[in-house]
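> Starting from the given sequences, assemble the full structure and let the hints guide the process.
Here the protein sequences line up with chains A and B, keeping their order. Each residue of the first sequence is one higher than the one before, starting from 1 at the first, in this note's numbering. Each residue of the second sequence is one higher than the one before, starting from 1001 at the first, in this note's numbering.
No lab work stands behind these hints: they were computed from the structure. Glycine residues also receive a C-beta, built at the ideal position from the N, C-alpha and C atoms. Mixed in with the good hints there might be a few duds.
Keeping only pairs whose Cα atoms sit at most 20 Å apart, straight-line, the calculated DMTMM-like set for lysine to aspartate or glutamate is [unchecked claim]:
1. LYS1362/B x GLU1352/B
2. LYS1173/B x GLU1352/B
3. LYS390/A x GLU406/A
4. LYS390/A x GLU1055/B
5. LYS1091/B x GLU238/A
6. LYS390/A x GLU1290/B
7. LYS390/A x GLU1272/B
8. LYS109/A x GLU121/A
9. LYS1091/B x ASP391/A
10. LYS390/A x ASP1245/B
11. LYS1191/B x GLU1227/B
12. LYS4/A x ASP287/A
13. LYS1191/B x ASP1060/B
14. LYS1173/B x GLU1272/B
15. LYS1292/B x GLU1352/B
16. LYS390/A x ASP145/A
17. LYS1173/B x ASP1203/B
18. LYS483/A x GLU498/A
Here are some chain A residues the structure puts well away from chain B; computed CB gaps all over 12 Å [claimed, not checked]:
19. GLY27
20. GLU412
21. LEU413
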Amino acid sequence: MDLKTEVLIIGGGATGAGIARDLALRGIPSLLVEKGDFTSGASGRNQGLLHSGARYAVTDPEAARECISENRILRRIAPHCIEPTEGLFVSLPEDGPEYRSDFIRACGKAGIDALPLSPREALALEPRLNSRIIGAVQVPDGAVDPFMLVVENARDAESRGTRFLIHTEVTGLIRDGLRIAGARVRDRITGEAYAIAATWVINATGAWANLILGMVGLKIGLALSKGSMLITNTRLSERVLNRCRPPSSGDIIVPNDTVSILGTTSLRAEDLEHYTVTPEEVTFLVDELSRMIPDVKGERFTRAYAGVRPLLQLGEACDDRAISRGFALIDHGSCDGIEGLVTITGGKLMTYRLMAERTVDFLCERMGLHVPCLTHVQRLPGAGLGNALKDRLLHLRRQTPAARGEILCDCELVPREAVDAILREGKVRELQDILHRTRLAKGTCQGGFCVYRLLGLLNELRKAEGSGGSNVVLRGFLEERWKGIRPVLWGTSLKEEELIESIYKGLFNLAPEEPGRPGGGEA
Amino acid sequence: MTKAEEKPALFPKLPDVCVRCATCMAACPVSRVTPRFPGPKQAGPGAQRFRSASEASVDDWIELCTGCHLCDMVCPAGVPISEMNMMAKAKYLDERGRTFRDWLLVRSDLFGELAARFSKIVNPLMKNGLLRWLLDALLKIDRRRALPGYEYPTFRRWFQTRPAVPGITGRRKVAYFYGCFTNTNETDVGKAAVELLEAHGLDVIVPPQRCCGIPRLGVGDLKGAREMGRRNIALLRPTVRQGIDIVFSSTSCGLMLRHEYSRILNLSGAEELAGRLFDICEFLLRLHEEEKSTATFLPISLKAAYFAPCHLRSLNIGLPALELLRLIPGLDVGMLEADCCGLGGLYGFKNEKFAIAEEIGKDLTEAAARMKPDIILTDCEGCRMQIRHLTGLKVLHPLQLLRDALNRT
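Take a look at the structure:
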C-alpha cells in the first residue's frame, strides 16, 4: 500500500494537528503520521496552562504578546477545551514589591490585563494561599485540555479530508536528488511498511526533530529540557497560581479539571524515550510550592510525570528563519539545500496555532497560493459543548441505572457511553488511545479500579486481540501507571496501592515473574 | 459566632483519605435499594472532587442520604463520609430552599407540648383519612405512615408533679436528657428510665433542655441545628460543671449531643458536654460491671429480639442494652440481624422517600419473620415506629422491659 499526498506532516502533537487543520481550511490536501497517539510528546506532557503571557511580560515581551493574542483566539475557537479560571501572580515577602511593580508595568505594555490585588483580596479569592503574601496580580491565565485541543484540531481536519495515521512511524525520508519526495513509514501495530509520496514534508516532531533530520544527514541546534510535574488528588485552587518573580522552577500551580498540577523543574535531558521523575524533583516541587500554598505539604498526590521540551539553540546560518524567539520555522531548501523539507519546532502549546499559521503561510508562498489563514476565526467542531465538572456530576443524577448507564471510571465519572462512542468512531487502536480521549484513569486511583472494566469492553468489541490479548494490554498499562505513581507513593496513596496491588496480583494473577518485586506493574 | 464555627477547616481535605475500596458501597442501605443514590463513595469523597464552593450544587440526589452513618462505621480509612454528605446536602438545600413541610417537621418540638395538651383531639385527627389525604397532597407527608400519637401529661410534667421519692437525699445525682419524643409521645420510656436509675440507687434530676436539633440536621439546616446545640450546651453547662453525668435514652439525640455538636457543628463547649454524656444502658451496665448496683431482675419468660439502631452503632459503645437485657433471667433475647430499619427519622415520613424506607426495611421484616419473637426491643424511637409498621409486633425500648423485670423487694 503506497500513499500520495501534497503535504506530509510528521508528528501528531499540537503543532502537527494545527498544521493539518490550517492546511485543510485552506484547501490543501495533507496527511499526518504519528508514531504513537496524538499528544504523545510534549503536547500531552505539560501543565495544561492557558498562558496569559504575563509570565514572559518582563523577560520576553514579544513572547508575552504572542501568548495573550493566542490566549484570546483560543478562548474564541476552543471554549470547550478551556477553563477560564483566571490566574494570580502571588508575591511572597522574599519576592519583594519591586518585581511586582515591574511586572504590572510590563503586563500593561504587552496588552495583558493585570489587576493588582491586596493580600486580603487575594486570600478571599484563594483561601488556601499563604497568609504571608504581600500582594497578588490577577491576569487572564486559564487551564487548557491539551488532549482535547489536539484531537479536536485533528477531527476538524479529518472532516475536511485530511488523513491521520497514528501508531505509524517514519523509518526513512525518500530522497529524489536534492529533494525530499516523501517518507517510508511502518505501522507499529501491524508491522506493515509502505511509502508515502509528498511534495512537501513537514517535520513537526518537536523534541524528536533531529531524529527525522538525521535520516538525511541534517541537524539543528536543539537542547532537550526535562520538566517534571506533580498531580494532586483534588483541586488546590480555583485559579492558576504563579509566583511573582523572574521565571524559575517550582513557581506554578494550575487547576486542571478535578486536580491541580504543580510545576515544574528544568533539567537537561539526553534520552527522549526514557526519563523519570526523581525523588529530588518531587521534594523540590513540594517544598517550593508549599511556600505559595502551605497545604501542599500534606496534600495527596496521584501521579508525577515529565515532559521533554525542545529548546532552540540556533546559532549560525539559519538564524534568519527563526521568526520568533519561541519557535523556529526552518526551510531546509534555503538552509541546507534540500528542498521540500520544513522543520517547525520549539515554541509552546500556547502558540501551536500561530506556529501552524506561519508554516502554512510559508508553504502557500512557495506554492504560489493566496489563501488566507482561517484558524483564528473558525471555531473547532465541539465548541459549545459543556465540559464543566458539574456536568459530569450530573451523570450521577439520572433516575434509573439504565438512563445513568454504567460509569466506567468512578473517580472521574466517565460513563461507558463516552467510551462506546470513541470505539464506534473506529479511530483508536490501543488502550492508551482511549485513555487520551477521555479522563479515564486520570483520577484518584489512576485507573487501578477501572481499567479492567475497560478491558472487558475492549474484549467484547474484539479489540484487545490485535494488541496481543488483554493480559498483555493490562501489563503494559500497569507498567506505565507504576512509573507515574511510584515517585509520589506515600500516605493514603500507598495504602490504596496495597489494595490495588492485591487485586491485580491476587484476582488477576498478574504477579511479576521475579518474586518479591513491588507493584505488579514492574513485571 | 466565629468564622471557624461556620466551616470546619478540615473539610476540603477529606476526599484525600478515601482509598476507593468501596466497602461503604456494600453497607449503604439507600444505594442498595435505589439507583437514584450513587452510594457513599461516589456521593461523598468521589463527588467532592467535582464540587466547588463557588458554584451552585447540582447533586440533588444528596438529599437521599438518610444520615444513618453506616458508611462511616465500615470505612477502613476513617473517612467521615456521612459528614461530607451532610455538608453537601446543607449547601444544596441552602441554595434550593427547604419546603414548608421540612420547615414544619423539624419544629415538632415547638408544637409537641401543645399537641400533647390536646392529645384527645389531635390523636384521632392524625388518624383521620381526610386529614391524612390532605397532608399527603399538600405537604407530601405520606399517608401510609402512621403518625405517632401524643400523650398527656408529658414526661416533664409527670416528673415535676410526682410525689417526692423517700430516702433519695444524699444519693449520687444523675441528669436525664429525655428528648422530645419521650416527652410528648412515649412518656413511658422516660418513666422507665427514671425508675431504673432510682432502682440503681441514683437521684435523678431533669435539667432544662431543648430539642437536640437532629431533625434540622436531617434537612441540612446547619444554622438551625447550631442554634439548638448552642442552647442545649448553655442549658446543660451548670449540670456538667457540677460534675453530674447526663444520660440519654434516645440514641439519635445522644449521637447529636455527643458527636455532632463538636464533629459537624463545631460548637464551643461541645467537648466538655460530651465528656459527661452517656447512653443510659451504657451507664447502667457500667454500674453492674463495677458492682456499684444492687439492682436485680426477676425472670421474664419471653422470646425477645434486640435491634441495634444505626445511631447507636455509630456511638461506638458496643451493645449495652443487649448486655443489660441478658441480666434478666429467663429472657430469650437474640440479635435481630438487619442493618437498618430504613426510617431515617423524618425521612421515611416524606412522600418521595417512603418507598425507599419501605424497601430498606424489607431485610428487617424478613429477619423478624425468621426469628418469630414475642417482642422486639430497640433504643431508638424512629426504629420502634418503623418496626411496628413493618412487623405489627410489640416494640419497646429495652428500658421498658428492664423496668418491668426489676426486683422491687
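> The structure should be examined with respect to each hint, and the outcome stated for every one.
How the hints compare with the structure:
Between LYS1362/B and GLU1352/B the CA atoms are separated by roughly 18 Å; this keeps the pair inside 20 Å, and the hint holds. Only pairs whose Cα atoms come within 20 Å are accepted, and LYS1173/B paired with GLU1352/B is rejected, the gap being roughly 45 Å. As the CA atoms of LYS390/A and GLU406/A are separated by approximately 18 Å, the hinted pair is consistent with the 20 Å bound. Simply put, LYS390/A and GLU1055/B have alpha-carbon atoms about 9 Å apart, close enough for the 20 Å limit, and the pair holds.
The straight-line distance between the Cα atoms of LYS1091/B and GLU238/A is roughly 18 Å, inside the 20 Å bound, and the hint therefore holds. Distance restraint check for LYS390/A and GLU1290/B: the Cα-Cα separation of roughly 56 Å exceeds the 20 Å cut-off, and the hinted pair is therefore not satisfied. About 40 Å separates the Cα atoms of LYS390/A and GLU1272/B, which puts this hinted pair outside 20 Å; it is violated. Between LYS109/A and GLU121/A the CA atoms are separated by roughly 25 Å; this puts the pair beyond 20 Å, and the hint is violated.
Note on LYS1091/B and ASP391/A: the hinted pairing holds, with a Cα-Cα distance of about 18 Å set against a maximum of 20 Å. For the hint linking LYS390/A to ASP1245/B, the alpha-carbon distance of about 48 Å lies beyond 20 Å, and the restraint is violated. With a CA separation close to 29 Å, the supplied pair LYS1191/B and GLU1227/B exceeds the 20 Å bound. Between LYS4/A and ASP287/A the CA atoms are separated by roughly 53 Å; this puts the pair beyond 20 Å, and the hint is violated.
A hinted pair counts as satisfied when its Cα atoms are at most 20 Å apart, and LYS1191/B with ASP1060/B does not qualify at roughly 42 Å. Using a Cα cut-off of 20 Å, the hinted pair LYS1173/B and GLU1272/B holds, with the two alpha carbons roughly 18 Å apart. Of the supplied pair hints, the one linking LYS1292/B and GLU1352/B is violated, its CA atoms being roughly 50 Å apart against a limit of 20 Å. About 17 Å separates the Cα atoms of LYS390/A and ASP145/A, which keeps this hinted pair within 20 Å; it holds.
Between LYS1173/B and ASP1203/B the CA atoms are separated by roughly 5 Å; this keeps the pair inside 20 Å, and the hint holds. Taking the CA atoms of LYS483/A and GLU498/A, the gap is about 16 Å. The hint holds against a cut of 20 Å. At roughly 42 Å, the least C-beta separation between GLY27/A and chain B is larger than 12 Å, which holds for a residue marked as non-interface. For GLU412/A, the condition that its CB be more than 12 Å from all CB atoms of chain B is violated, with the nearest at approximately 9 Å.
At the 12 Å boundary, the C-beta of LEU413/A falls inside the reach of chain B, the nearest C-beta of that chain being 7 Å off.
Checked against the numbered hints listed earlier, the structure breaks hints 2, 6, 7, 8, 10, 11, 12, 13, 15, 20, 21; every other hint is satisfied.
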